[in-house]
Structure formats: structure tokens, C-alpha cells
Amino acid sequence: MAEIAGHTIPNRSPLMAFLERWFLTTNHKEIGSLYLWLSFVLFFIGGAMAMLIRVELFQPGLQYLEPLFYNQMVTMHGLIMVFGVVMPGFVGLANWQIPMMIGAPDMALPRLNNFSFWILPFAFTLLTSSLFMEGGAPNFGWTFYAPLSTTYGPPSTDFFILGVHLMGVSSILGAINIIVTIFNMRTEGMTLMKMPLFVWTWLITAFLLVMVMPVLAGAVTMMLTDRHFGTSFFEAAGGGDPLLFQHVFWFFGHPEVYILILPGFGIASQIIPTFARKKLFGYTSMVYATASIAILSFVVWGHHMFAAGLPLAAELFFMYCTMLIAVPTGVKVFNWVATMWRGSMTFETPMLFALGFVILFTIGGFSGLMLALVPADFQYHDTFFVVAHFHYVLYPGAIFGIMSAVYYWLPKWCGNMYDERLGKIHFWTAIIAVNMTFFPMHFIGLAGMPRRIVDYSIQFADFNMVSSIGAALLGLTQVLFLYIVIKAIRGGEKATPQVWEGAEGLEWTLPSPAPLHTFEAPPQFPAPQEAYKHE
Amino acid sequence: MDNGKHVTSITSMLQRGLTFLLFMAFSAANFAADLDLRPGVTDMSQRIQSLHHTSLIICSVIGVVVFGLMFYSMYAHRRTKNPTPADFHESTIVEVIWTLIPVLILVSLAVPATTALIEIEDNSDPDLTVLITGSQWKWHYQYLESDINFYSNLATSQEQRDNLEPKGVNYLLEVDNVLVLPTNKKVRFLTTSDDVIHSWWIPDFAVKQDAVPGFINEAWTRVDEPGVFRGQCAEFCGKDHAFMPIVVEVQAEADFDQWLEDQRLAIELASGQAVADRAKTWAMAELMEIGEQVYVDHCATCHELDGAGQGSTYPALAGGEIPNGPMEAHIEQVMNGKADTEMQAWAPQLSDLEIASVITYERNSFGNETADLVQPITIYESR
Chain A
1 MAEIAGHTIP NRSPLMAFLE RWFLTTNHKE IGSLYLWLSF VLFFIGGAMA
51 MLIRVELFQP GLQYLEPLFY NQMVTMHGLI MVFGVVMPGF VGLANWQIPM
101 MIGAPDMALP RLNNFSFWIL PFAFTLLTSS LFMEGGAPNF GWTFYAPLST
151 TYGPPSTDFF ILGVHLMGVS SILGAINIIV TIFNMRTEGM TLMKMPLFVW
201 TWLITAFLLV MVMPVLAGAV TMMLTDRHFG TSFFEAAGGG DPLLFQHVFW
251 FFGHPEVYIL ILPGFGIASQ IIPTFARKKL FGYTSMVYAT ASIAILSFVV
301 WGHHMFAAGL PLAAELFFMY CTMLIAVPTG VKVFNWVATM WRGSMTFETP
351 MLFALGFVIL FTIGGFSGLM LALVPADFQY HDTFFVVAHF HYVLYPGAIF
401 GIMSAVYYWL PKWCGNMYDE RLGKIHFWTA IIAVNMTFFP MHFIGLAGMP
451 RRIVDYSIQF ADFNMVSSIG AALLGLTQVL FLYIVIKAIR GGEKATPQVW
501 EGAEGLEWTL PSPAPLHTFE APPQFPAPQE AYKHE
Chain B
1 MDNGKHVTSI TSMLQRGLTF LLFMAFSAAN FAADLDLRPG VTDMSQRIQS
51 LHHTSLIICS VIGVVVFGLM FYSMYAHRRT KNPTPADFHE STIVEVIWTL
101 IPVLILVSLA VPATTALIEI EDNSDPDLTV LITGSQWKWH YQYLESDINF
151 YSNLATSQEQ RDNLEPKGVN YLLEVDNVLV LPTNKKVRFL TTSDDVIHSW
201 WIPDFAVKQD AVPGFINEAW TRVDEPGVFR GQCAEFCGKD HAFMPIVVEV
251 QAEADFDQWL EDQRLAIELA SGQAVADRAK TWAMAELMEI GEQVYVDHCA
301 TCHELDGAGQ GSTYPALAGG EIPNGPMEAH IEQVMNGKAD TEMQAWAPQL
351 SDLEIASVIT YERNSFGNET ADLVQPITIY ESR
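Sequence order for the protein chains is A and B.
Note that the working numbering has the first sequence beginning at 1, numbered continuously upward.
Note that the working numbering has the second sequence beginning at 1, numbered continuously upward.
These are calculated hints, taken from the structure and not from any lab test.
Every residue gets a Cβ at the ideal spot worked out from N, C-alpha and C, and that includes glycine.
A portion of the hints provided could be inaccurate.
What the simulated footprint calls covered on chain A by chain B, stretch by stretch (three residues with Cβ under 8 angstroms from a Cβ of chain B suffice, anywhere in the stretch; the number is not a length) [claimed, not checked]: (1) 24 to 38; (2) 63 to 71; (3) 451 to 462; (4) 470 to 480.
To list a few chain B residues with every Cβ distance to chain A over 10 angstroms, as calculated [said to hold, decoys possible]: (5) N177; (6) A276; (7) G320; (8) M335.
Could you build all of it, start to finish, from the sequences and the hints given here?
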């Protein structure tokens with residue numbers, strides 16, 4: 001008989017023990033790891049699809065992919081990266097970190113937590129299995145505009161719809177769990193305005209999720225009934241409106257893009273003060289700025305539809321609201337710079353990724369502001385300029401955010417320092433490759449290359465080649481990342497409890513690696529200085 | 001060495017240097033132009049380019065200042081230079097300042113954007129209206145003031161796309177029938193679609209308008225100088241989204257009037273030809289020859305040159321049910337398409353002779369051996 005945390009369980013074969021541990025776990029740290037590993041696996045699958053896309057676009061002409069298969073890759077790459085990589089990645093970080101940062105023993109609803117994770121592997125199995133079906137996988141873009149996805153969608157569209165429903169259920173349950181945990185399980189003395197910024201940004205993100213995932217569920221349900229039950233929500237021939245789809249989709253979709261970035265803001269707001277050895281500048285304004293961005297995200301969906309035929313008044317409204325988002329976003333960037341100002345900085349890998357995040361995300365913000373100007377958007381819309389824009393906010397934005405968080409907290413999770421030299425190599429190759437891949441896309445777009453095309457006119461050839469070479473490097477460098485993570489888990493220099501000398505917060509008072517169960521008694525907050533020093 | 005020579009050599013060096021510098025500046029400018037949004041050929045496209053420049057410059061200046069401060073801080077406030085960090089972390093005044101300044105900058109961008117947009121959306125009083133209908137994967141143009149209408153298909157050969165032939169200068173940006181417009185007229189475009197959403201875009205006019213099935217959108221342009229302008233479908237519309245280009249030829253007014261006249265004559269000629277085609281009884285060999293060409297031009301993109309199709313989405317014609325089944329069903333499907341699939345109605349797009357020959361071709365190729373033969377008169381009567 002073995003004894004784990006006071007529970008006596010019968011002896012099992014190692015396989016059964018393994019399965020029981022990971023399938024039945026209700027522990028926030030184990031579930032956090034599951035989320036992060038799922039995200040990592042899907043990162044390589046979605047990344048492999050991106051490689052195929054870039055291989056086909058290396059030169060003009062049809063070389064390797066049939067147009068229909070190319071469209072499937074474009075669609076699945078988007079869906080997997082958005083729903084399978086960034087969202088589970090952030091939820092994994094939330095699972096690991098939020099209880100440790102607010103001094104809670106676990107998430108508020110541990111069984112729900114297990115359920116919301118284990119939905120996901122089934123959702124993605126359903127989605128990716130469509131690649132092997134008659135007629136192929138969904139081929140209508142991750143935005144699945146009707147009627148391309150309804151009347152003209154392949155048979156596998158129904159699997160896609162079911163997959164999206166499952167992901168939505170998982171996200172809503174996960175978000176409810178995070179909200180309940182944050183509201184109820186903070187240690188004494190941690191008022192809302194004393195919460196770490198990562199917790200704040202996740203609280204706001206969770207509210208966005210609860211509000212918009214049902215809208216997405218509505219959109220796919222309307223698709224399903226249009227396809228099979230004789231309704232005509234999106235079918236003009238039956239009295240419906242294809243643009244209704246876009247309104248519903250982007251009412252979900254715009255808050256969704258902030259879901260993909262707000263936790264990243266939180267991560268940068270944790271890491272920059274640690275390595276600048278200086279408190280975060282303008283904590284209160286950071287919280288309000290995040291909340292303003294979230295609220296504004298509900299009234300800007302029309303900026304995805306400027307060329308779709310909106311009336312003038314709607315175009316002006318959406319343009320002004322979109323431009324307004326630049327203000328709170330600017331405040332955040334200025335606050336990060338002010339945090340660095342007259343600090344005492346060192347540049348370990350998490351800091352490098354966080355700084356890369358701030359700079360390159362800001363570049364993506366600039367092109368976002370340009371896209372908000374309706375007349376100019378008529379030229380940018382649906383070109384590679386847009387592809388450049390959203391990859392700048394998603395790759396060096398969301399993905400770099402997740403990577404800096406992994407480097408930052410990995411020693412806490414596994415007890416070992418990662419290889420700093422390799423970490424730095426990873427950062428520098430990634431930042432060169434990410435710019436080489438996505439910066440030329442601005443030029444290709446301005447020159448007039450539409451997005452989502454399998455073949456292009458010869459005037460766009462040079463920069464597409466540069467971009468494809470960059471993409472290959474970017475893909476390779478993430479294999480290095482995988483190696484670094486595995487190497488750290490398997491061994492390495494032992495981490496101290498505080499890990500980083502400038503780190504503050506409850507999670508750094510715990511031993512490294514953090515034991516399976518932590519804070520069974522609520523800790524003192526703020527943690528006294530000696531709490532960081534114990535062995 | 002005498003002085004004069006010396007001076008000459010200096011001047012020539014200066015000259016060469018200047019030429020070189022000019023050359024460098026010129027190629028830099030050229031290079032920069034390649035990287036930039038094109039100015040286009042209309043007042044509006046040029047205003048949009050300058051709006052693009054304004055926003056780009058504002059963003060660049062902000063970027064230089066913010067990133068400059070960041071890099072300075074990374075240099076000057078690193079631990080080895082600044083071992084003791086300062087401990088300030090709040091300042092309401094600073095926060096208010098860096099909230100208000102961006103607002104002012106945004107207002108300065110919103111003003112020109114708003115005035116331009118109001119003008120773009122003013123579709124009133126056009127001199128000429130063209131109804132543009134997108135379908136998978138071609139454009140249909142109708143001049144609403146006359147009965148001229150035609151389809152515009154990609155003209156780049158499959159061989160060029162498959163890298164079997166060298167690619168032309170206008171690879172993927174060339175069509176069989178170009179849209180012809182007059183100079184100095186306000187031309188209104190009405191866009192709609194037969195199937196999925198497409199988007200009609202000519203960068204040089206800065207006109208991009210989605211074509212939505214069941215709805216009609218508006219846009220307009222006015223071009224001062226004749227020329228040929230190329231664009232592409234901008235909204236993801238399925239398999240051949242990359243292969244539905246747009247070419248517009250703007251002609252001086254007199255030339256345009258002549259073109260209209262030629263089109264009218266051509267329509268009359270074609271209807272005369274159609275009557276003659278109907279009257280004639282065609283031989284198998286003739287129909288097969290015409291049919292093969294029609295098949296290659298319009299059908300092979302989905303059903304493949306050898307009739308093998310592509311999975312269940314684009315069914316095989318070789319041994320297929322329709323080409324080997326009853327003739328009436330085959331004619332019906334080719335003429336009226338198949339609901340809820342990408343199979344289009346070809347009756348409005350092809351002549352009686354073309355439809356008759358392609359059906360004949362499909363029933364007697366790819367191993368199909370029905371020996372059936374369809375005469376144009378049959379198609380005429382089925383219309």
C-alpha cells in the first residue's frame with residue numbers, strides 16, 4: 001500500500017498508476033502541466049502545417065500542395081494555433097500559477113478542472129481526424145465565413161462544429177473555475193488591488209471567455225442547422241444574411257484576440273519588474289488599462305468588416321472605437337518602459353523574451369492602428385499586411401509571452417534551472433527568425449498580395465522567399481526550445497526557492513520544485529523578506 | 001602633374017561620386033517604392049496613400065522615441081552600470097500626460113480618415129454603372145446602361161502554373177476579357193455574388209468591395225489617364241481563390257465609345273452565329289474537338305484533365321454516373337448546375353454549341369463510351 005498526501009491507495013501496476021495519476025488528477029499543478037504539454041504538442045502540429053504553407057509559397061507556381069489541401073492547411077493552422085496552442089498554453093500557466101500566486105491550496109473546483117482539460121484532447125482528435133476524411137478537413141479559413149463553410153463546406157465541417165463546441169465548453173468551464181478561484185481563494189490581506197498583474201489579467205480574460213465563447217457556440221450551431229435542418233440564418237436564398245455570420249463571428253472574434261494577448265500583458269508585468277529589480281510602474285493604471293481594453297473589445301468587431309459593405313455611420317463608429325484602444329495599450333507600454341527606467345536590469349532569458357514581447361507586440365499595435373483607418377483599410381484588408389499584423393501580435397506577442405513565462409517559472413515547476421546559454425541562443429535565433437518571417441509580409445501586403453492564396457504573381461516572389469527561409473529557421477529554433485525544457489526537467493543546477501533575486505510574490509516563497517500540495521494553510525501576505533530565503 | 005589635370009580629375013571624381021550617389025539614392029527610392037503602398041491612379045488612391053504615410057510616420061516616430069528610451073534604459077540602467085535601482089513606481093501626472101497625448105495624435109489621424117471616408121461612401125450621380133458578379137472562380141461584368149455583359153476568366157495557362165512553361169510578366173494577373181472603362185467618368189461598381197463571398201479589388205483605384213450573395217454593395221472610381229490595371233479577388237472564396245484576377249483597361253472616352261460599338265456588333269454577330277450553329281447538324285469529330293477545348297478551359301480545374309475528379313468534392317467523370325447515365329440528366333446538370341455544390345450553371349456562360357460539344361466530349365472521353373452526340377439545337381430547346 002502506498003500513501004500519497006494522507007490517502008491510502010491500493011498498489012497498482014506502473015501503467016495503471018500512470019494512467020490514474022494523469023487521467024484522474026484533480027491537482028492544479030498536474031492539470032497545468034497537462035495543458036502546457038497539450039499546447040506544446042499542438043504547437044508542433046500547427047507549426048508543421050505552417051511549414052507546409054511556407055514551402056508552397058517559397059516560389060510562385062504550384063509545387064507541392066494542391067490548392068484544396070493548401071486551404072485545409074491554412075484553416076487548420078489557424079484553428080490549432082488559436083484554440084489549441086495559445087488558449088491552452090495560457091490556461092496551463094493559470095492553473096500552475098494562480099493558486100500559488102494568491103496563496104490558495106488548489107483551484108476552487110478541482111474536478112471541473114480535470115473535466116475541462118480532458119475535453120480538449122477529444123476536441124482536437126475530432127478536429128484533426130477530419131484531415132483523413134473523404135473531402136478533406138475544413139478548408140474555409142479559421143474565420144469560417146458563411147456560405148463558404150455552410151452550403152459549400154466539406155462533409156467534415158460537422159466534425160469541426162462539434163470540435164469547436166467541445167473547445168468552447170472546455171474554455172467556459174476553465175474560465176468559471178479561474179473566476180471562482182480568484183474571487184474566493186485569495187489569502188488574507190490580498191485585496192483585489194494587491195493581486196499580481198498576471199492574476200488580474202487572467203481574471204479579466206476569464207470574463208471575456210465566459211461572455212464570448214457562448215456566442216461562438218451560437219455561430220457554429222446556426223451553421224449546423226443551416227447545413228442540416230433547413231434553416232437559412234446565413235443563406236440569402238432563404239431570406240438570411242451571410243453578413244450576419246460575420247457580425248456574430250467577430251462579436252466573439254474580437255474579444256477572442258484579447259483573450260489571446262491579455263495574459264501575455266500580465267506575464268510581462270511580472271517579469272519586467274523582477275529583472276529590473278524595481279516595482280511595476282503604475283500598477284493601478286495597468287489594471288484599469290487592461291479592463292478598458294477588454295470593454296472596448298466588445299464594440300470594435302466591425303473593423304474586420306470594413307470592406308463587407310457597412311454603412312458610413314457604422315464604419316465611423318468602429319473606426320473611432322478601434323483607434324481608442326491604442327490609448328490604454330499605449331499606457332501599458334509606457335508603464336513597462338517606466339518600470340525599466342533607472343532599474344538595475346539583468347537580461348536572463350525570461351527578460352529577453354519579455355522585452356522582445358513588448359517591442360514586437362508594439363509594432364503589431366502600430367499596424368493595428370493603421371488598419372483601423374477605414375480608407376487605408378480598403379487597401380490593407382485581406383492582404384498579407386493583415387497577416388503580418390496579426391502574426392506580430394500573436395507570435396512575438398502571445399507565443400513569446402508564453403515562452404518567457406515558461407523560462408521564468410520552469411525552475412519553480414521542476415526545481416532545476418534551464419540551460420541559460422541555450423536559452424539565450426533560443427531567444428536570439430527566435431527573434432531574428434520571427435522578424436525575417438513576418439516583417440517582409442508587410443511589404444508583400446502593401447504591394448498587393450491577397451492573403452490565403454496558394455500561388456502568387458511573380459512580383460511578390462523575393463519577399464516570399466525571405467519569409468519562407470525565416471519560417472524554416474523559426475520552426476527549427478522551437479525544437480531547441482523543446483530540448484531546453486526537457487533538459488531542465490531531467491536535471492540541471494538546483495533552483496533556490498526565490499529562483500530570481502528580484503522576484504517577489506507568494507510563489508517564490510515555496511520550495512523549488514513546488515511540492516504537489518502547497519499553501520494548505522493560507523500564507524502571510526505580503527510575504528516577509530525572510531520567507532524568500534528559507535531552504 | 002599640372003594643375004588643370006588635377007582639377008579635372010577631382011571634378012570627374014566628384015562627378016562620378018555624385019552619379020554614384022544619385023544612382024544609389026535613385027535605387028533606394030525605387031526599392032522604397034517597392035516596399036510601399038502604391039499611389040494608384042485616382043485622387044482617392046493618392047489621398048489614401050498619403051493617409052497611409054501620415055499614419056506610418058506617426059507610428060515610426062512614436063516607435064523611435066519609445067524604443068529609443070527602452071534601449072537607452074537597457075544600456076544605462078543595467079545592473080553593472082546601475083547597481084541600485086530607484087524605487088519610484090507611480091505618478092498620476094505622468095499617467096495623465098501619456099493618456100492625453102495619444103488621444104490628440106489619434107484625433108489628428110481621425111480627421112483626414114473621416115473626410116476621405118465620407119467621400120468614398122458618396123456613390124451618388126454616377127456616369128456609368130457596372131454590375132460585377134463574382135462566382136467560383138471568375139467575374140461577370142454587366143454594363144447596366146447597355147446590354148453588354150461578359151465573363152472574365154484567368155488567362156494564365158495551367159502549364160505556367162504547374163511550372164512546365166516559363167511564367168509570363170503578368171502571371172496570374174491576366175484575363176481573357178478585360179473590363180473596359182472610360183476616363184474622366186464617375187464609374188459606379190455594384191458588386192454581388194452567385195455563390196460565396198468574393199471581393200473585387202483594384203489596388204490602383206483603392207477600390208475593394210466584397211461581393212456578397214443576395215446583397216448588392218456599392219463603390220465608385222474616377223480615373224483620369226488611360227491604362228491597364230490589375231487586381232485580384234481579395235476574399236477567401238475556396239479552391240481557386242488565387243486564380244480569379246481582375247484586369248481593367250481604362251480608355252480615352254472616344255476609344256471607349258468605339259469599344260462599346262464593337263461589343264454591340266459582336267453580340268449581333270454571335271447571335272447570328274448561334275442561329276447558324278443551330279441549323280447545322282454537327283459531326284462527332286467536330287463536337288469532340290470543340291468540346292475538348294471547352295473542357296480544358298472550364299471543367300478541368302475541378303474535374304481534372306483526365307476526368308478523374310478530386311475526391312467526393314469534385315466527382316470523377318471517368319466512369320461517372322452522370323456522363324454515362326441518361327442524357328437529359330447530364331444536360332440538366334451542365335446547364336443548371338447542382339444546388340449547394342461548386343458545380344455551376346453553365347447555360348448563361350457558354351453558347352449552345354459549346355455546351356453541346358462539352359457534353360458530347362464528356363460522354364465519349366476518359367473511357368466513357370456512350371457514343372452519344374448532342375446537337376446545339378437540343379441545348380437551345382432546353383433553355
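How the hints compare with the structure:
As drawn, the segment 24 to 38 of chain A meets chain B at 0 residues by the rule of a beta-carbon pair under 8 angstroms; below three, the given contact is violated. Coverage of a stretch by a chain is defined here by at least three residues with a beta carbon nearer than 8 angstroms to that chain's beta carbons; for the segment 63 to 71 of chain A and chain B the count is 5, and the condition holds. A count of 8 residues in the segment 451 to 462 of chain A with a Cβ less than 8 angstroms from any Cβ of chain B is obtained; the coverage claim is therefore met, three being the minimum. Using a Cβ-Cβ cut-off of 8 angstroms, 0 residues of the segment 470 to 480 of chain A lie near chain B, which falls short of the minimum of three, so the contact claim is violated.
Annotated as non-interface, N177 of chain B keeps its C-beta farther than 10 angstroms from every C-beta of chain A; the closest such distance is 19 angstroms. In this structure A276 of chain B is separated from chain A by more than 10 angstroms, as the shortest Cβ-Cβ distance comes to about 37 angstroms. Listed as outside the interface, G320 of chain B is consistent with that label: its C-beta sits roughly 16 angstroms from the nearest C-beta of chain A, beyond the 10 angstroms cut-off. The beta carbon of M335 of chain B is kept farther than 10 angstroms from every beta carbon of chain A, the shortest such distance being approximately 19 angstroms.
Violated hints for the displayed structure, listed by number in ascending order: 1, 4.
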